[in-house]
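Under full-length UniProt numbering, the first residue of the sequence shown is numbered 1, with each subsequent residue one higher.
Hint data in this document are derived by calculation from the structure and do not stem from the laboratory. Don't be surprised by glycine CBs; every beta carbon is placed ideally from N, CA and C. Some hints could be false.
Stated by the list, open to error - Label pairs and their computed distance ranges (CB to CB):
1) Ile8 <-> Pro392: 25 to 31 Å
2) Glu391 <-> Glu171: 30 to 36 Å
3) Glu232 <-> Thr362: 29 to 35 Å
4) His228 <-> Lys341: 56 to 62 Å
5) Met134 <-> Pro392: 31 to 37 Å
6) Lys311 <-> Asn158: 22 to 28 Å
7) Pro392 <-> Thr420: 24 to 30 Å
8) Pro160 <-> Met330: 44 to 50 Å
9) Asn158 <-> Ser282: 25 to 31 Å
To be verified - Taking lysine-lysine pairs in the DSSO-like style, the calculated list, with each CA pair at most 30 Å apart, reads:
10) Lys226 <-> Lys278
11) Lys121 <-> Lys347
12) Lys224 <-> Lys278
13) Lys38 <-> Lys341
14) Lys338 <-> Lys311
15) Lys224 <-> Lys18
16) Lys338 <-> Lys38
17) Lys302 <-> Lys226
18) Lys393 <-> Lys302
19) Lys322 <-> Lys364
20) Lys75 <-> Lys311
21) Lys94 <-> Lys121
22) Lys224 <-> Lys196
23) Lys226 <-> Lys311
24) Lys338 <-> Lys363
25) Lys123 <-> Lys94
26) Lys341 <-> Lys411
27) Lys364 <-> Lys338
28) Lys66 <-> Lys18
29) Lys311 <-> Lys34
30) Lys322 <-> Lys311
31) Lys311 <-> Lys339
32) Lys347 <-> Lys181
33) Lys121 <-> Lys75
34) Lys278 <-> Lys371
35) Lys196 <-> Lys226
36) Lys75 <-> Lys371
37) Lys140 <-> Lys123
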Amino acid sequence: MDTIPFRISWNGPIDPSKLNEPDGDIITLPMVTKDKEKYHCRFSSEEDSIGNQKPAADEYDGPSAKEIIDGFSLKPFCSYRVEAYWTYELCHGKSLRQYHEGQDPHSEEGVIVHPEYLLGKFKQYQAEDEGNVMVLNGIKYPYFTVEYDDGTLCDLTNVPRQTLVHYICHESGNSDIIQIKETSTCEYTAVVITSKLCKHPNYRPPLESSRVISCHSLDGAPDKPKMHAEMERILYQRESTFSSSVKKAGRPMPSVTKSEQEATRTAIGKSEDDNFLKNFLSGDQCLQGGTGWWSFELCYGKTAMQYHLEKGKRVTNIVLGKWDSNEHHMWLAKHPQKKPKSLSNRKFITQYYSGGDVCDETKKPRSVEVKLKCSTSASSTSHAVAIYLLEPKLCEYILTVESAILCDLVKQANDDGLLTNL
Numbered sequence: 001m002d003t004i005p006f007r008i009s010w011n012g013p014i015d016p017s018k019l020n021e022p023d024g025d026i027i028t029l030p031m032v033t034k035d036k037e038k039y040h041c042r043f044s045s046e047e048d049s050i051g052n053q054k055p056a057a058d059e060y061d062g063p064s065a066k067e068i069i070d071g072f073s074l075k076p077f078c079s080y081r082v083e084a085y086w087t088y089e090l091c092h093g094k095s096l097r098q099y100h101e102g103q104d105p106h107s108e109e110g111v112i113v114h115p116e117y118l119l120g121k122f123k124q125y126q127a128e129d130e131g132n133v134m135v136l137n138g139i140k141y142p143y144f145t146v147e148y149d150d151g152t153l154c155d156l157t158n159v160p161r162q163t164l165v166h167y168i169c170h171e172s173g174n175s176d177i178i179q180i181k182e183t184s185t186c187e188y189t190a191v192v193i194t195s196k197l198c199k200h201p202n203y204r205p206p207l208e209s210s211r212v213i214s215c216h217s218l219d220g221a222p223d224k225p226k227m228h229a230e231m232e233r234i235l236y237q238r239e240s241t242f243s244s245s246v247k248k249a250g251r252p253m254p255s256v257t258k259s260e261q262e263a264t265r266t267a268i269g270k271s272e273d274d275n276f277l278k279n280f281l282s283g284d285q286c287l288q289g290g291t292g293w294w295s296f297e298l299c300y301g302k303t304a305m306q307y308h309l310e311k312g313k314r315v316t317n318i319v320l321g322k323w324d325s326n327e328h329h330m331w332l333a334k335h336p337q338k339k340p341k342s343l344s345n346r347k348f349i350t351q352y353y354s355g356g357d358v359c360d361e362t363k364k365p366r367s368v369e370v371k372l373k374c375s376t377s378a379s380s381t382s383h384a385v386a387i388y389l390l391e392p393k394l395c396e397y398i399l400t401v402e403s404a405i406l407c408d409l410v411k412q413a414n415d416d417g418l419l420t421n422l
């Protein structure tokens with residue numbers, strides 16, 4: 001019983017003559033609130049008939065799970081997971097690799113090096129098995145598995161690395177890698193959430209079990225307890241205040257960090273794109289990310305910040321970099337490889353923010369490369385914005401802002417990666 005959620009339905013007064021009527025498997029429970037309000041509550045000892053049942057698949061005649069996942073390779077794209085040190089790239093139906101982007105400490109030119117491992121190349125789809133289920137956040141998810149093998153040779157086992165990629169249905173999933181781990185030496189499992197698999201009824205998670213507690217007021221008590229009604233009013237007021245505040249210029253636009261265990265996303269309606277871009281590029285609307293100890297903020301053309309919150313207030317602020325076009329041009333002269341690629345190959349542009357707070361370890365001002373990236377893996381209806389921070393070298397950062405709505409901007413940047421004609 002402890003694992004079954006309950007929902008209370010407040011139904012007003014009840015005829016006192018009906019309080020003691022027998023009613024099969026119904027359990028009755030008197031309740032008195034802190035304010036001495038009396039209620040008569042009833043619920044069934046059996047779970048609701050819809051509880052814990054999988055959607056019917058008898059009449060389903062759509063594509064199989066294999067055909068759904070195989071569709072990813074018809075229009076190839078890659079999903080990424082960024083962690084503190086490693087980045088994972090899954091090109092569906094092709095390969096999975098693990099790599100780290102860092103700077104060679106022996107190079108004065110700051111050449112990027114790429115230590116990487118191939119965790120496997122596509123081998124085959126496993127047979128569909130309704131018994132394949134994993135538990136995430138207390139919910140049982142059926143999954144479909146794709147095998148990848150023949151990766152980089154493992155030094156410890158002298159066997160090529162291999163990975164099992166499990167796809168699960170999630171209505172908000174956009175082929176995101178939510179989990180990857182090494183289950184044994186040089187053998188890995190990855191979990192990918194996708195809404196596409198939800199087309200198949202066998203891969204939808206079971207419907208949630210629930211029971212309704214029906215409560216009736218007694219002796220003149222209000223239909224709902226006063227404290228409950230007040231809580232609902234406060235929650236509604238907060239939601240209304242939040243909805244209106246995010247539309248105002250100058251307020252930070254909530255975003256996400258890719259390094260979280262489950263990447264979340266802030267959706268921006270298509271009709272708001274122009275307004276969002278205008279406010280973002282003017283620096284009036286800042287992007288914030290991070291849900292751990294440190295959070296970070298980009299006010300485009302102004303500053304990049306790192307800060308810590310306590311009780312909703314900033315108690316520590318660290319400036320990672322400030323925008324200075326002269327510093328940006330001098331940095332590009334030293335690092336010409338950072339200039340935008342040709343239009344046909346351009347996926348992102350990089351801008352350099354310098355003159356941040358002095359780093360205790362290096363005794364030099366902090367600096368950050370701000371990367372505006374066109375997201376090609378987002379669905380056509382998604383206008384999500386992701387922002388995430390990496391520190392490949394002590395007190396030198398890479399702050400990436402990634403979205404499908406940046407694709408046009410990336411193409412319009414000049415040879416120095418600047419957006420001057422907007």
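Hints the structure violates: just list their numbers, smallest first. 1, 3, 6, 9, 10, 12, 13, 14, 16, 17, 20, 22, 28, 31 and 35
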